[in-house]
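Participant: Now for the letters of each chain:
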Amino acid sequence: MPSNQLTEEIIADLKLQNDNKPLYKKTLFNQDFVFSFISREEYFYIQEWLESNPNIKISDIETKIVDEALKWPMLSPAEWALLPAGAIPTLAKHIQEKSYLDTTGAGEYSDLSVETLVDYPAGEELTEETKEKLKKSCKHTMRVVKTAGSTYVIRPMLRPEYTYLQKVEAADKEIEGVKTCLIWPKNVDWNNMGAGVPTVLATQIMLLSGFADPSEVTEL
Amino acid sequence: MIDHFTYDESGRRVYNINILGQEFLFVGATRKDLEEALQFPQQWEMEDFICKRCIVSPKDFDLETCLAGIPTKLAELILDISGMSSEDTNTLQKEAQDWIVTPSGKMEVLMMGILHRPLAEIRNMDPIEWFKAAGAAQLLAVTVYGLDIEKYMSLNPFDSKPTAKRAKMPAANNPSGQIIPPSLVEISPKDLAKWEEENQHLITQPIIKKHV
Numbered sequence: 001m002p003s004n005q006l007t008e009e010i011i012a013d014l015k016l017q018n019d020n021k022p023l024y025k026k027t028l029f030n031q032d033f034v035f036s037f038i039s040r041e042e043y044f045y046i047q048e049w050l051e052s053n054p055n056i057k058i059s060d061i062e063t064k065i066v067d068e069a070l071k072w073p074m075l076s077p078a079e080w081a082l083l084p085a086g087a088i089p090t091l092a093k094h095i096q097e098k099s100y101l102d103t104t105g106a107g108e109y110s111d112l113s114v115e116t117l118v119d120y121p122a123g124e125e126l127t128e129e130t131k132e133k134l135k136k137s138c139k140h141t142m143r144v145v146k147t148a149g150s151t152y153v154i155r156p157m158l159r160p161e162y163t164y165l166q167k168v169e170a171a172d173k174e175i176e177g178v179k180t181c182l183i184w185p186k187n188v189d190w191n192n193m194g195a196g197v198p199t200v201l202a203t204q205i206m207l208l209s210g211f212a213d214p215s216e217v218t219e220l
Numbered sequence: 001m002i003d004h005f006t007y008d009e010s011g012r013r014v015y016n017i018n019i020l021g022q023e024f025l026f027v028g029a030t031r032k033d034l035e036e037a038l039q040f041p042q043q044w045e046m047e048d049f050i051c052k053r054c055i056v057s058p059k060d061f062d063l064e065t066c067l068a069g070i071p072t073k074l075a076e077l078i079l080d081i082s083g084m085s086s087e088d089t090n091t092l093q094k095e096a097q098d099w100i101v102t103p104s105g106k107m108e109v110l111m112m113g114i115l116h117r118p119l120a121e122i123r124n125m126d127p128i129e130w131f132k133a134a135g136a137a138q139l140l141a142v143t144v145y146g147l148d149i150e151k152y153m154s155l156n157p158f159d160s161k162p163t164a165k166r167a168k169m170p171a172a173n174n175p176s177g178q179i180i181p182p183s184l185v186e187i188s189p190k191d192l193a194k195w196e197e198e199n200q201h202l203i204t205q206p207i208i209k210k211h212v
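Chains as they are written, first to last, in this note's numbering: chain A, 1 to 220; chain B, 1 to 212.
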């Protein structure tokens with residue numbers, strides 16, 4: 001079994017190399033692992049890879065996720081083979097959670113066994129003054145969503161906006177939809193966040209737009 | 001009269017739902033609506049079409065200004081109550097079979113056939129009108145068409161044990177031995193004449209013969 005232990009020097013080096021992107025540490029079977037999130041770009045790359053390899057196994061997907069997000073250590077196939085079988089699936093699960101790709105936990109799942117080395121950068125603060133301005137400028141219902149260290153203000157999507165999105169060709173329709181309904185902040189770096197963050201926002205927009213209202217039908 | 005509120009002017013059941021605080025009244029889609037709706041290549045086009053056809057209230061419901069999910073949600077509900085899934089179709093079929101063997105179901109079928117009124121119109125009648133129409137249908141059925149009302153009312157076409165004597169088709173045209181009215185099968189004039197001869201007790205009046 002490999003015995004690479006994480007040191008302060010290695011952490012400092014990883015922070016530099018990763019341009020202060022979020023970094024997490026997980027210790028499994030006495031081995032430290034450092035990983036970041038899967039970005040939207042990496043997520044689409046994995047999706048494409050999946051589409052072109054339809055007969056792939058779950059274990060291959062997990063390995064791919066770990067390949068994309070693991071920052072340290074760089075183990076050889078022989079070293080991976082020495083680790084217990086559950087190492088890669090466990091890491092893949094934590095990477096997905098921290099990328100907000102886990103729909104059940106939606107990234108908020110706080111597993112104490114995963115240590116945050118570098119957190120998501122705190123987003124712009126939504127002040128009372130901004131809130132009042134937004135209320136005056138937007139006639140729709142608005143909702144404040146706090147996710148991945150940032151605050152977002154969204155509004156519901158209108159039917160013409162939705163049908164337009166269905167018609168147009170877009171590389172990432174989910175982000176296009178979120179951009180349409182994101183009132184604040186205006187400048188968001190969609191590639192520098194967990195791949196699932198736009199999905200979290202899109203889900204909230206869909207809920208706000210009446211796609212999943214729990215009301216019941218009654219016969220008059 | 002609760003019926004007054006349960007049907008729209010064309011006699012269809014009206015349903016109610018509250019989505020995000022907005023009240024909607026809608027009716028189920030007709031078979032024609034569903035056929036047309038399924039022609040649309042895009043899901044959203046189908047949803048918009050279904051909503052245009054089936055939303056009763058608000059009258060000023062505008063697809064250009066409404067929230068994106070409302071037509072989707074409403075179309076989903078409308079398709080659901082219209083029996084679009086195979087499960088729903090089975091349920092509707094079972095309900096129809098249950099209804100048709102009830103005395104009121106049989107009477108309504110008779111009213112449809114004799115008075116040539118659509119079912120929705122019959123179901124929308126008030127009780128006074130309904131009983132009058134039922135009486136008129138029975139009178140015409142017995143006097144003009146020669147129907148044995150007692151036998152008709154005791155018939156259960158879905159029961160494996162027939163409650164009234166029923167006619168069997170000639171084996172050549174119906175090898176399964178199922179009871180099928182002559183109009184629904186390919187039948188030669190010779191076989192038809194034979195069938196009529198054997199089933200004179202069912203065909204008592206010339207007018208029925210003409211229909212056959």
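Treat the hints with care, as some may be off.
Stretches of chain B that chain A covers, calculated by requiring three or more beta carbons in the stretch to come under 8 Å of a beta carbon on chain A [unchecked claim]: (1) 51-65; (2) 68-78.
The calculated BS3-like cross-link candidates involving lysine-lysine, where the alpha carbons are at most 25 Å apart (straight line), are [what the hints assert, rightly or not]: (3) A:K136 to A:K146; (4) A:K167 to B:K52; (5) B:K94 to B:K32; (6) B:K32 to A:K139; (7) A:K146 to A:K133; (8) A:K57 to A:K71.
Away from chain B, derived, C-beta distances all over 10 Å, residues of chain A [claimed, not checked]: (9) K146; (10) R159; (11) T163; (12) Q166; (13) S209.
Please keep in mind that the hints were generated in silico from the structure rather than gathered at the bench. This structure is a prediction, so every number in the text was calculated from the model and none was measured. Don't be surprised by glycine CBs; every beta carbon is placed ideally from N, CA and C.
Participant: A separate judgement is required for each hint: does it hold in the structure or not?
Facilitator: Now the hints, each set against the structure:
Residue count for the stretch 51-65 of chain B with a Cβ under 8 Å from a Cβ of chain A: 3. That meets the three needed, and the coverage hint holds. As drawn, the stretch 68-78 of chain B meets chain A at 7 residues by the rule of a beta-carbon pair under 8 Å; at three or more, the given contact holds. Restraint check: the Cα-Cα separation between K136 (chain A) and K146 (chain A) comes to about 21 Å, which is no more than 25 Å; the hinted pair holds. The straight-line distance between the Cα atoms of K167 (chain A) and K52 (chain B) is roughly 20 Å, inside the 25 Å bound, and the hint therefore holds.
Distance restraint check for K94 (chain B) and K32 (chain B): the Cα-Cα separation of roughly 22 Å lies within the 25 Å cut-off, and the hinted pair is therefore satisfied. A C-alpha spacing of about 39 Å is found between K32 (chain B) and K139 (chain A), which places the hinted pair above 25 Å, so the restraint is violated. Proximity of K146 (chain A) to K133 (chain A) is assessed by CA-CA distance (about 19 Å); at most 25 Å being required, the pair is judged to hold. Restraint check for K57 (chain A) and K71 (chain A): the C-alpha separation of about 24 Å stays at or below 25 Å, so the hint holds.
Remark: the non-interface label on K146 (chain A) is consistent with the geometry, its nearest Cβ contact in chain B lying 22 Å away (cut-off 10 Å). Here R159 (chain A) does not stay apart from chain B, with its beta-carbon only about 5 Å from theirs, under the 10 Å limit. The claim that T163 (chain A) lies off the interface is violated: its Cβ sits roughly 5 Å from the closest Cβ of chain B, which falls inside the 10 Å cut-off. Not every CB of chain B lies more than 10 Å from the CB of Q166 (chain A), the least distance being 5 Å, so the non-interface label is violated.
Annotated as non-interface, S209 (chain A) brings its C-beta within 10 Å of a C-beta of chain B; the closest such distance is 4 Å.
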